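*Asks:* With the sequences and hints as input, model every part of the structure.
There are 2 protein chains.
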Amino acid sequence: MSKKNAFYAQSGGVTAVINASACGVIETVRKHPDRIGKLYAGRNGIIGALTEELIDTSQESDATIAALRHTPSGGFGSCRFKLKSLEDNRREYERLIEIFKAHDIGYFFYNGGGDSADTCYKVSQLSEKMGYPVQAIHVPKTVDNDLPITDNCPGFGSVAKYIAVSTLEASFDVRSMAKTSTKVFVIEVMGRHAGWIAAAGGLVEDRGIPVVILFPEVEFNQEKFIARCSEMIDKFGYVTVVVSEGAHWPDGKFLAEQGTRDAFGHAQLGGAAPVVANMIKDALGHKFHWAVADYLQRAARHLASASDVEQAYALGKAGVEFALEGQNSIMPTVVRKSSSPYEWEIGKAPLSDVANVEKMMPAEFITEDGFGITDACKEYLYPLIKGESYPPYRDGMPDYVTLKNEILEKKLPEFTLG
Amino acid sequence: MSKKNAFYAQSGGVTAVINASACGVIETVRKHPDRIGKLYAGRNGIIGALTEELIDTSQESDATIAALRHTPSGGFGSCRFKLKSLEDNRREYERLIEIFKAHDIGYFFYNGGGDSADTCYKVSQLSEKMGYPVQAIHVPKTVDNDLPITDNCPGFGSVAKYIAVSTLEASFDVRSMAKTSTKVFVIEVMGRHAGWIAAAGGLVEDRGIPVVILFPEVEFNQEKFIARCSEMIDKFGYVTVVVSEGAHWPDGKFLAEQGTRDAFGHAQLGGAAPVVANMIKDALGHKFHWAVADYLQRAARHLASASDVEQAYALGKAGVEFALEGQNSIMPTVVRKSSSPYEWEIGKAPLSDVANVEKMMPAEFITEDGFGITDACKEYLYPLIKGESYPPYRDGMPDYVTLKNEILEKKLPEFTLG
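Protein chains in written order, with the numbering used here: chain A, 1 to 418; chain B, 1 to 418.
Keep in mind that the hints were calculated from the coordinates and are not lab data.
This structure is a prediction, so every number in the text was calculated from the model and none was measured.
Careful: at least some of the hints might be erroneous.
Which copy? The list can't say, so a pair holds if one copy fits it or any two copies do.
[What the hints assert, rightly or not] Here are the simulated lysine to any residue pairs, SDA-like style, with alpha carbons at most 20 Å apart:
#1 K38 x E325
#2 K359 x D115
#3 K84 x W249
#4 K410 x Q59
#5 K224 x W249
#6 K179 x N405
#7 K378 x R394
#8 K179 x E231
#9 K38 x A102
#10 K287 x D88
#11 K31 x F322
*Replies:* Have a look at this one:
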């Protein structure tokens, strides 16, 4: 067997631990110099492959690669660029395979969510047809936690931990102030389609915090919501609201679209938190505070979950090991063996079963009234936020690494995207 | 000398480390049972004294009190309640002293910012006149960092660390995505009058991040601001903006008031971040993300600065020790001996010099263009965010303590506030 090179790319929104997966891929490749040649990374994700902006990862020292494990964001750059369907844009897929051919790439490690699983699957199929077979392995990553088969997705556990901890801390703050000041605190979290991240805020209930969650899975009912908040404030003196950016009215309109307009009269997106906070103020008259965590939540490597970091690394490593076993068109997965004590192992799923399937929150994870999480949900979530995995610090800030990312000399003609 | 009791109260907005000061006060009092009797705490701050809702801190175990050191928020409750001037509401001051008399309280430890320093000063003066002298010691606390004489204020260092780290992490995220997606990230931080917290975001410049700061000290100039962002995006591909909630137009109007209205047409306060983000979008067309850290920043004990925790504790401890030396009407302070290596010691300031004086950011801490911080500012800030002081964790979340806070039997007639 001739020694092929490998290609790795990061896709979609980055996370606190996608670089830990990159680290797992690269360190494992480096352990097999007899089997795999160079490992190239795409500059800004798959776009880097299409435009032939390839990074030779061997330019980076072992220490630098090891530091990726504790560095958030996408070290090689990522992109929001979905390859169209094979029918609509076959030339992009063909271009990918030409690039792979030109650089003698036989392994394709694609690190992303649902869209990239689909791309990965198609590349594997088309490469066969084009007579240049490439082993395509999808390494899962998404804070949305919506990939099927795998118990959970790297990136989610750390966001969940960040939201649980931040909600706890802010709630302690409000509790201190409620007598004469703020009685309502609203935190807005990511998750346009699924309430996994919002659910994590619900864990503070176990620390005695009165919390109301607004899920995208539950149609917003203003009357019931105000009644629930009022009840909580009467009982506890304050209330914490966790609102998903995807929370919406029965007609599908996002809460964030409700009438908030900028200086130019444009409807302003984002900002479900102020909308909800004002709603309570108007109905009940209480002073409020609100926060929008936005990128802070998915980039918060300083508060990453140790399980999440470990799994992100293990899935990257497993991707390479599966490839070396001759596997193709698969995604390594997390298989939960037990929640308490937490035990898991690596499994695998064929990409044909992963592509285009979205895993939603099970209905039994949301309480009947729609404002909280059930014990089953807590049992699912706790292992995922388990353990701390602190980065090293320098001068009071984490010592994150920035890669050189020098681009390889090109071999093929220019290519125009789209 | 008869053995007097002591009274402790938390005042104003709480912080990640005000409980560390409480811990310093209580543990030090407990070391001197021969000198100080009971230590009472005010339920919800000074209101607890006025309404005679006193907490007997001896009901809490040593382990619980030790846990205050790593617990954010105000363990006994705080309040936003400013005593009026002596002329306008002498009865409140007199009530305080009656309460102290009724409970044989000879030491008053008041933990807060500028307003509480003033109250503390007046109590000390009036108690003399009323023939029931109380030793009044002010323990400094404010994320606003605006108390005079002391080099810095407990609470600020931890917020500064949180903002520096969060800005760094979110900037890494944006840098990864900028090629095809978000090019502008805006984070809104606390500080209505002074830009100390916003300044901390400027530290990311030393990690290669292009950052533009909007200070309350600098009148907002939209044209120059857009030009600076545009320049940064051209050079780096993205830009991070740190906007203080106090950033304002030349006429004094806050940016957050610029035309953002809720569903009912009310001008919406808070939310300078979306205003600024939309401004860049309208001028330059780039995709943006924005975050509002709000309470998350001042409650983030999980990311507290070790210097800050240490100083918060030391100032509480020093307050008691000064009282035992017979000092009155003073505030223990942090005196900086050297920035590098960082060396500091405890000093003290008479409350007459502290009350009603606000310390603003020195002009030489802001760069000439008004958008950045100078080396002098960095030299000031770095020691304050130095070191990590992690709380213990349980089930993936910090193990913060909640006090019993049982109220002592009342001895005096009811009192109506205000």
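*Asks:* All hints, please: hold or fail.
*Replies:* Now for the hints, and whether the structure bears them out:
For the identical chains of this complex, K38 and E325 are intra-copy neighbours only, at 18 Å inside a copy versus 71 Å across copies, given an alpha-carbon limit of 20 Å. For the identical chains of this complex, K359 and D115 are intra-copy neighbours only, at 13 Å inside a copy versus 53 Å across copies, given an alpha-carbon limit of 20 Å. Taking CA atoms no more than 20 Å apart as the test, K84 paired with W249 passes in neither setting, with 31 Å inside one copy and 46 Å between copies. In this assembly of identical chains, the alpha carbons of K410 and Q59 lie at most 20 Å apart only when taken from the same copy (17 Å versus 73 Å across copies).
Taking the closest pair of Cα atoms, K224 and W249 come within 20 Å of each other only inside a single copy of the chain (13 Å); across copies the shortest separation is 40 Å, beyond that limit. In this assembly of identical chains, the alpha carbons of K179 and N405 lie at most 20 Å apart only when taken from different copies (14 Å versus 54 Å within one copy). Taking identical chains as interchangeable, the C-alpha atoms of K378 and R394 lie at most 20 Å apart only when they sit on different chains, with a minimum of 14 Å there against 35 Å within one chain. Proximity of K179 and E231 under a CA criterion of 20 Å is satisfied intra-copy only: 16 Å inside one chain copy versus 47 Å between copies.
In this assembly of identical chains, K38 and A102 lie within 20 Å of each other by CA distance solely inside one copy; the values are 13 Å within and 81 Å between copies. Proximity of K287 to D88 under the C-alpha cut-off of 20 Å is found in neither arrangement, the shortest distances being 53 Å within a copy and 26 Å between copies. Only within a single protomer do K31 and F322 lie at most 20 Å apart by alpha-carbon distance; the minimum there is 14 Å, versus 62 Å between protomers.
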